[in-house]
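> Take the two lone chains and join them into the complex the hints point to.
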Amino acid sequence: MLTALLVMLGLALLLGIVLGYSALKFKVEGDPLVDKIDAILPQTQCGQCGYPGCKPYATAIAKGEADINQCPPGGDSGMRALADLLGVEPKPLNAEHGLPKPKSVAVIDENLCIGCTLCIQACPVDAILGAAKHMHTIIASECTGCELCVAPCPVDCISMEPIQESVANWKWRYPVYSLKQTA
Amino acid sequence: MISRLFKFSGGVHPPEHKLESTGQPIQVLPVSGTLVLPLRQHVGNLPKILVQPGDHVLKGQLLAEAVGAISAAVHAPTSGTIVSIEDQSIPHPSGLPDVSITLNPDGENRWMPLNPTDWRQRDRAEMISSLRVSGIVGMGGAAFPTQIKLRPGGGSGIKTLIINGAECEPYITCDDMLMRERADEIVRGIEIAHYLLGPEKCIVGIEDNKPEAERAMREACARSAVKIDVAVVPTLYPSGDARRLTALLTGIEVPSDKRSSDVGIQVFNVATMTAVYRYFSLGETVVSRIVTVTGNVARPGNFEVPLGTPMTALLEAAGGELPNTNGLIMGGPMMGFSLPSMQVPVIKATNCIIASAPRLFPAPPPVLPCIRCARCADACPVSLQPQELYWFAKSQNLDKAREYKLFDCIECGCCSYVCPSNIPLVQYYRFAKSEIIAQDKAKEAANLARERNEFRLERIEREKQERAAKHAQRAAGAKAESADADADAAKKAAIAAAMERAKAQKAEVQPKNTEDLSDAAKAEVAAIDVRRAEATAAEPEAANVVKEKQENG
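Heads up: the protein sequence lines correspond to chains A and Z, in order. Position 51 of the first sequence, counted from 1, bears residue number 50 in numbering that gives the first Met the number 0, the numbering being contiguous throughout. Position 400 of the second sequence, counted from 1, bears residue number 399 in numbering that gives the first Met the number 0, the numbering being contiguous throughout.
Take these hints with a grain of salt, some might be off.
[To be verified] Derived coverage of chain Z by chain A (criterion: at least 3 residues anywhere in the stretch with Cβ under 8 Å from a Cβ of chain A; other residues may be distant):
1. 205-214
2. 334-346
[To be verified] If the Cβ cut is set under 10 Å, some of the chain Z residues that face chain A in the computed set are:
3. Val417
4. Ile436
5. Lys442
6. Arg449
7. Glu450
It is worth saying that the hints were derived from the structure and are not from the lab. Ideal Cβ placement from N, Cα and C applies to all residues, glycine included.
Excised from the complex, chain Z in its bound form (with noise of 0.2 Å):
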């Protein structure tokens, strides 16, 4: 048993409006029409496809598996054939369209091989690198990969598990009849959470706003071999959200820039809880989720439908919605968002749709002055200054905004619903939030490109460097090849020194046929050496008169 509660600031009360849905037992809805499957349905990386048009799959088969740490696969709610790849309208708050599988069921609703296991008896590790596949997301709307939240026990630290059951925000009653209807799936997957993280002790967190599921569970938990506790928690909105469930229950603030695992609390949905179970036990993957119909229906209540159920069947099996309706709202009304049409299919993170009308949510009076009141102050669960973000945001002054914390901000809209001067004061801090980690994603890149710049500069000159250095070793080897040309000079020179030689040899040498001979032959020899002394000194004359001529002409 909890020994006691604590308390968490702020919060505030607006009206429930839980009874409409709770009526009737959960209803599950066969596959209708063609299913559109996003595959942006979780926090993270989005999966990688690994099927194609034409394809045949079955109920269950994994139709994109995880990419990276944070991501999760997504499977085939029905057996049927897959139809196209393309972007198709899905529910965000963007109204844009992204990537979306369409399967066109076949009507059998074929479930693939399953194989149920016993997990007492399986390894820890390879039960959570197994979860990778199972596309279990967290149930209550956040969405985020369980498999990175059940790291198993021993390093994991976890000292207490806190299944959330709160379901504090108004309309949403899936967690509730879920708790009702099956407490014993619920206790099974905590059991299986309990395995994996080894904890300490174990709290189920029930707002006592819903005493029929806190007496299923507390059944069910009795008949339990883990010991796990029921704690009832006053209605107070925003007890549901992950960290004031944690300081309701334990009296611990996590920090602000920490995990709860990181002071050994880990905080999982109860419709997670199921869906570890019937993954682990029955073999099953995440293809459907129980979701909440109300507002302005005919027969508000809670449907289990196979995901990618277009939003129209999930009215037409609330009874339709009556006349007035002026747009679909999902999830709850103090967090959801408008979805862009009524086409957009079931996601995972679709707790609640709530069919809006002008007489449940009347067109907001006009926006008034801030007068500095402090009633958001007051309400907000976080301890936050939303008057000082507000102006920081409608200013723009981002970073002044940050350093007030608006990270901290769980969106819950407490500020919003307090506020005497109606100012949408959740859509600034949304505004000023993206605005933000644009201006981040903005500086990572232009580092990234500041980096390659630089490394592409250094590489140019480093290339250069490269270049110069060949071509002063290639000139040093012309240089080589140089002093080999004196080399040779100086053979050419020695030869020629050489022949020179032999040349005044030969000249010193007197021809053997001027001796011994006659006198008349020295006599003509004499005559033609004069003859010939007189043609040379002729001969430089002329040509000196040549010259003359051409110097005078």
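So here's chain A without its partners, still in its complex pose (with noise of 0.2 Å):
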């Protein structure tokens, strides 16, 4: 009987301390679900979802706050996938946060530009060079198409430039052919 109980005492105690230490050692740092929301998005930070970027989107996901229909530059497989991974029912994008576009970068007009550093203030990834009275210019490959620097310019020298199709970007067509008429 005290053999009995012995062993069970320490039993308990053995497997709490291998539970309390793996609790400190392997602790999940973060929400991964949070992450795994944010591996989805499309990382424009554009703040059309009404969030200040990305990140603060996942996590509004991902606490019920705001729904998966927020991300235009997502489109629609962007929602598709967050449904998925949500494991709820998927819906049309939502008109208020704005219509997918074709995926376009940012160009500014160098002969226009005064040197205000407005649009740098406004580039959420850096990638705008450029310093105070000096011309600024866009790095192409670091733009995400955000738009967010559209909109500070005093002079009105930036425009968005889709991205046009060419040899380097190009992608075979989905096979489509006429199937045999009958009758």
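Given below as structure tokens:
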């Protein structure tokens, strides 16, 4: 009887120590769900969802404060991926937050730029190069096309140019063929 | 001698159509009209342009140099003047224009000064680095820069050097004709590759439908100081694929996630070996190539043409296209693609041009549903499950397609060839592949954007803290100043106190002139004092009256 009790007590202690140790050792940093949602979001950091970036939106979705259909750059496929991840019904994109547009990059008209640095401060990914009273330019490969630099420009010298299809980014098309007509 | 041959699973026997274009020897075509040289003639980075419109260049002169590890240089195919550098139609399945250099020949066809060297005396590493400016790429059609594959011996670990003369695709005969006519050049190129890589074995693989080429190669190899075996492999499409040929000759299957060089094997096309020979022994850069022109033309054959020559000039050399020609195919009928126009130039990857016509390539019969007969799986030389890949690609289930090793597919077209339902399977795989590549690129861009955004937020936070720290520091400075002010105040107070004391002392001291006064003067002083006292007594009253008046009013 006593042996059994001691054994159970010993086991409880041992397992308790193991559990306690592993809880400390393998502690999950941050919310894995937020990271998973963030990985699906397109990282344009455009704020069209109403949150100041993709991570805050991901956090809001994880908390249940935001809906999954607020991200126009992610498009329908992004919304479906979120629905898949969260196990909810897909729903059409909320037009209040804007409509999906073809991917574009910002272009500064360098003849008009007055070097005010306002766009540099607005860019969420530091993709604009320049200094006060010096001409600014966009690093096209870093630009996410978020359009956040367009509004602050006092001389309206920034425009959004859709990315043209070129040999480098061309994709094979989905095969289309006509079926044989019968009767 | 090769002791025995191995096998690979699958493969098909499409009609060969090779006899049409092997009837006449290789013709060397002169430069005709302007040449258009696309920068994108190889796998990898676009080269950097070194010339400007208006520049006069000599044949073989470097026009654009390789950028980064995987890239190839572009040279002038003849002497002449650079007319323009702009987007032009190029031979690419997209049909989209791309950056090209246009060269107006001066008719002299003058080489730049060539410096032929004896490669046996040269340092291997130096030879490899000089390959970067040679412009040599895989001439079999893949156009992979050769300098990557010819890393020097010792460290290379290459045990078997395989020279690919299989040329398994129907219609194409440029390697066949090259082996028949210029076997010695090929063998000299193989000697150089042998010198650079230091392999234990060297095998030339030729399909058994090219007996003349085999004989020529055997004779040339017998004359060589290096021991080179010639192996004849059975005609079976796609035995010319590098990995299939490796499997046939060595029995080694290169793992899907590795390069053949990782398992000690390197494979080169015969035409690449000629280019290597010409570069090291004659000093000539890649300025021309042999192209098979066949299909619906009057006199099919093989032509050595300067790069950049328009396809129309090739067709003309082949006697012109026959009636009913409805387009050009670059490459073979199995893996090639339709050219966007007849004006596009010959590039380093152009091994064959087929004028298509309904009599050769009738319109495909209607597509029927997949009946899961699995003939495609039997034909697949890579042992994939084409029918499964088809479902995944069709439903755009890209993750699953990747899981089923879509990227091991060599797009040989065997599955489409045997499909009884005429499903364009390879088109689905190409679509799925490019979709996956695009998604991966987007993901990479998103990761970069996330990283940059996080860095920016961190920087803003850090700047905020730095500013706060600076403010705190300034505030602390102000406090120190106020401590000084306290000290000043104390000093002032001390002075004030001293003055106060002095005043008190002064008050205590009686005025000297009040002593020893006469009585009359004393009486006068007393009277004055009384008057002053009266006046001071009356004044507050008057002030009070005024105050009351103000309050009432």
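> Take the hints in turn and mark each one as holding or not.
To see whether the hints hold, each was checked on the structure:
Note: the segment 205-214 of chain Z has 0 residues with beta-carbon separation from chain A under 8 Å; the three-residue rule is not met and the coverage is violated. Only when three residues or more bring their CB closer than 8 Å to a CB of chain A does the claim for the segment 334-346 of chain Z stand; here the count is 0, and the claim is violated. Contact between Val417/Z and chain A, as hinted, is not supported at the beta carbon level, the nearest pair being about 18 Å apart and thus beyond 10 Å. Annotation: interface hint on Ile436/Z holds; nearest CB of chain A at approximately 8 Å, less than 10 Å.
The closest approach between the C-beta of Lys442/Z and any C-beta of chain A is roughly 8 Å, which is under the 10 Å cut-off, so the hint is satisfied. A cut of 10 Å between beta carbons decides the hint on Arg449/Z: the least distance to chain A is about 5 Å, and the hint holds. Hint on Glu450/Z holds. Least Cβ distance to chain A is approximately 9 Å, under the 10 Å limit.
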